[in-house]
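Student: If you read the protein sequences in the order shown, they are chains X and H. The numbering of the first sequence is the working numbering, which starts it at 1 and goes up by one. The numbering of the second sequence is the working numbering, which starts it at 1001 and goes up by one.
No incorrect hints appear here.
Quick look at which bits of chain X chain H covers, simulated, 3 or more residues with Cβ under 8 Å: (1) 34-44; (2) 57-71; (3) 129-143; (4) 152-163; (5) 181-188.
Bear in mind the hints are in silico, worked out from the structure with no lab data behind them. Positions of the beta carbon are idealized from the N, C-alpha and C atoms, including for glycine.
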Amino acid sequence: MATSRSDPTAVERSDEVLARRGALGDREAFGELIARHGPALYRYGVRMLDGEHHAAEDAVQEALIKAWLNLSGFRGDSSVKTWLFRLMANQCLDARRRRRPHWIEDARLDEVPTKDTNAADALALARELREALDVALAELSWRQRATWMLREVEGLEYAEIAVVLDTSVAVVRGQLHRARANLAARMEMWR
Amino acid sequence: MSQRDDLTYEVESHVRAVLRTAAADLRSYVEPRWVEVADAITSRALRASRPSPPVRAQAPSGPVRVAEQVVVAHLRNSLNPVAGCEVHNIRLEVREERCTGVVIVVAVQFGKRLIPLADDLRNRAERRLAEVLGQDMVPVTVTQMHVHIADVTPGDPSLG
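Please construct the entire structure, taking both the sequences and the accompanying hints into account.
Tutor: Below is the structure:
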């Protein structure tokens, strides 16, 4: 859980307390929730919308406005994080439905960054790996990609992912298995 | 196990490790673009106004209407400083745009004396209502201002 960067002595309130305060009109509390979960929501949006940052910004914006407007209706049936991701996943889905089909160029599919064995810079290596992962993720179906991101990157439980994607735990398990296999096949070339 | 199987197993293990590393890296990665746009996105989200029914108030210049959400936000601000207590909900009872009562739902830390705490909350709420709605509009009796203790927690309830 994130801590306040400006004040190291600031108390760390749980997401549930911040959401409750936000529901009663506390903008500062909701701002703290955004600071805590915004980076993950945006990261998810960028990958679900094929790297289109402007589309991801719009999706996060709309998801957070909906969250702010509907906080008083949040009953705590799921965690705040799960609820925010559900709003975000729905926004991403809407954005994908609205836009024209996104064609991936053949050249991009063939493009697999190779590990630069001379690179002394670990940061450069991490960036290359991230880029390779993004290319591989872009080839997965929407559901596989969403499931893998929510499980492996955002650390949600199967039941939470089922809530976010409005499906069953069994489907989540199947999608995750296929996503892992497909990603492994793609990343096998990254050695 | 054949040499070919050994190789396959080695490759699969390696790929799994690469994927784990990539996922871990992505988990700690903050998109540079987010850092640039976070403040604008946050302030736009917080500017969205929630639909809220009006409550009649008495300003020095005459009668005005105040959004119920605004009254609730003021009440929350007045109750937040009470130690060992966390406001869970505030409900205004409104009849024909007149505030006829308030329900304050709180969680309280174990060991707090409940009656003085409820009195403190009621007094603070009453004072703030007088500031927001005007002296004539304030419901003052115990039956109009109900404090409900919904939970007792072992630790500070404001931390969750």
